[in-house]
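Student: If you want the building blocks of each chain, they are given just below.
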Amino acid sequence: MMGKVIRSFLAGALGLSLSLGAIPIGTLVLTPSTALAQEGVSHYEVHVNGMVCPFCAYGIEKKLKALPGAIDVKVNLEGGLATFEAPKAKGPTPEQVRQAVKNAGFTLGELKIDGQKVEG
Amino acid sequence: MSRAEAVRARVLPFVALLVLCSTAAAGPITSNTALPVHDGELIFRQQAIWLRSTGDPTPMSRRLDALVLPTVLLYGVDSRLMVMGVLPFMYKRIELTTPAGRVARHTTGFGDLTTVARYTALAIDKPGETLRIAPFAGLKLPTGAQNEADALGRYPQPFQLGSGSWDPLGGAVLTWQTLRWELDVSGAYQLRTEANDFRAGDEARGDASFQWRLIPWGRLGPGVPSYLFGVLETAVVWDGKDKVSGTENPDSGGFTWYVTPGLQWISERSIVEAAVEIPVVRQTNGFALKNDFIAVLGFRQSF
Numbered sequence: 025m026m027g028k029v030i031r032s033f034l035a036g037a038l039g040l041s042l043s044l045g046a047i048p049i050g051t052l053v054l055t056p057s058t059a060l061a062q063e064g065v066s067h068y069e070v071h072v073n074g075m076v077c078p079f080c081a082y083g084i085e086k087k088l089k090a091l092p093g094a095i096d097v098k099v100n101l102e103g104g105l106a107t108f109e110a111p112k113a114k115g116p117t118p119e120q121v122r123q124a125v126k127n128a129g130f131t132l133g134e135l136k137i138d139g140q141k142v143e144g
Numbered sequence: 067m068s069r070a071e072a073v074r075a076r077v078l079p080f081v082a083l084l085v086l087c088s089t090a091a092a093g094p095i096t097s098n099t100a101l102p103v104h105d106g107e108l109i110f111r112q113q114a115i116w117l118r119s120t121g122d123p124t125p126m127s128r129r130l131d132a133l134v135l136p137t138v139l140l141y142g143v144d145s146r147l148m149v150m151g152v153l154p155f156m157y158k159r160i161e162l163t164t165p166a167g168r169v170a171r172h173t174t175g176f177g178d179l180t181t182v183a184r185y186t187a188l189a190i191d192k193p194g195e196t197l198r199i200a201p202f203a204g205l206k207l208p209t210g211a212q213n214e215a216d217a218l219g220r221y222p223q224p225f226q227l228g229s230g231s232w233d234p235l236g237g238a239v240l241t242w243q244t245l246r247w248e249l250d251v252s253g254a255y256q257l258r259t260e261a262n263d264f265r266a267g268d269e270a271r272g273d274a275s276f277q278w279r280l281i282p283w284g285r286l287g288p289g290v291p292s293y294l295f296g297v298l299e300t301a302v303v304w305d306g307k308d309k310v311s312g313t314e315n316p317d318s319g320g321f322t323w324y325v326t327p328g329l330q331w332i333s334e335r336s337i338v339e340a341a342v343e344i345p346v347v348r349q350t351n352g353f354a355l356k357n358d359f360i361a362v363l364g365f366r367q368s369f
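So the protein lines, in turn, are chains A and B.
If you're matching positions, the first sequence starts at 25 in the numbering used here and goes up one per residue.
If you're matching positions, the second sequence starts at 67 in the numbering used here and goes up one per residue.
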């Protein structure tokens, strides 16, 4: 009973017209990325040359997080890869990404936005 | 200068070279690195260094212990230029046998502040690999106390916490790092100037450090895992002879070769490390004491 009340409240609060009978409540919690998905996000893949130790990787994470609109920043040390998402209209330019990598002390290898290779 | 004072003369320069090498970026434990410090990054490093020297062949049977706590603050001005300051807190104690029996003298307090700037002149970055060369230059300022004394009188100048001199230093470091290992090779020279009628000998040193990832041993997996590095370092150190009132002290200076095994745990924002410098060749001049070991514990935090 309580679950129905909560689901009903969440559905109303979120303006959703879904049939909630079989949907776990957890799926209704909006993450920033799902929220952005509704307005359109770009997925950035940043290949970072020279990033080889954990202590140095912190700089990349910090600099990418500071980019306009950047969310869900993830760094993969083994692949030398950093990824993040940003709103299509408000996301960083390739030049801003290149500068962020440079400010972290590394070199931009390859940059892909939504799977398309772009010049940084 | 007496024999005992000559021994003390070796303490301060050695502490100074340890401080010189206490850079804070990830890398070697007892020497320098060319790894990047990002634009605006602040790194705090605290070390605890314990040095013991014995082996006195004279009836004085001198024994020296020094505990040095260098605090290092490092700042990335931009992606190539970093500046840092090193301020050591020191406790030095020497025991010797005199006609009146065994006596001990000790001194405690802050030593001289050393400032260093490092510039990355060359950076060749590839996927999973980097090669960097960075020259550095600095200056040791006379900020430590120079007139410490005990019941026996004023300490000899070399035993003071501060040297009173302005000592420039310079060098260069090469770092080659992959996802599996890191190699650092550096050379440094410090010029010592005269103060209080005393001039410590100049110092030159060469360092090499090799770090091998022990954990995780194989593939790293996703994200940014913490590392445990096995560390093997070596250093050759040459100290010139001191001068008192313009006269060379024959019981000062010399050459020492160290081999240093250690362990280093590295996470994204912190490093914890430990190493022991073991002298394998000790060719000191005259009756100068010889270092038995230098133990180093360290912690670094990035902000």
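Take the hints with a grain of salt, since some may be wrong.
Dumping the calculated DSBU-like pairs for lysine-lysine here, alpha-carbon to alpha-carbon at most 30 Å [unchecked claim]:
id: 1; chain 1: B; residue 1: LYS309; chain 2: A; residue 2: LYS141
id: 2; chain 1: A; residue 1: LYS126; chain 2: A; residue 2: LYS98
id: 3; chain 1: B; residue 1: LYS192; chain 2: A; residue 2: LYS89
id: 4; chain 1: B; residue 1: LYS356; chain 2: A; residue 2: LYS126
id: 5; chain 1: A; residue 1: LYS112; chain 2: A; residue 2: LYS126
id: 6; chain 1: A; residue 1: LYS141; chain 2: A; residue 2: LYS114
id: 7; chain 1: A; residue 1: LYS136; chain 2: A; residue 2: LYS114
id: 8; chain 1: A; residue 1: LYS89; chain 2: A; residue 2: LYS141
id: 9; chain 1: B; residue 1: LYS356; chain 2: A; residue 2: LYS98
id: 10; chain 1: A; residue 1: LYS136; chain 2: B; residue 2: LYS356
Worth flagging that the hints you see were computed from the coordinates, not collected in a lab.
Student: All hints are to be evaluated individually against the structure, with a verdict given for each.
Tutor: We went through each hint and held it up to the structure:
1. LYS309(B) / LYS141(A): violated (65 Å)
2. LYS126(A) / LYS98(A): holds (18 Å)
3. LYS192(B) / LYS89(A): holds (23 Å)
4. LYS356(B) / LYS126(A): Cα-Cα ~46 Å, so violated.
5. LYS112(A) / LYS126(A): Cα-Cα ~23 Å, so holds.
6. LYS141(A) / LYS114(A): holds (19 Å)
7. LYS136(A) / LYS114(A): It holds: about 17 Å lies between the C-alpha atoms, which stays within 30 Å.
8. LYS89(A) / LYS141(A): holds (21 Å)
9. LYS356(B) / LYS98(A): violated (51 Å)
10. LYS136(A) / LYS356(B): The given pair, whose Cα atoms are some 59 Å apart, is violated under the 30 Å limit.
Of the numbered hints listed earlier, those contradicted by the structure are 1, 4, 9, 10.
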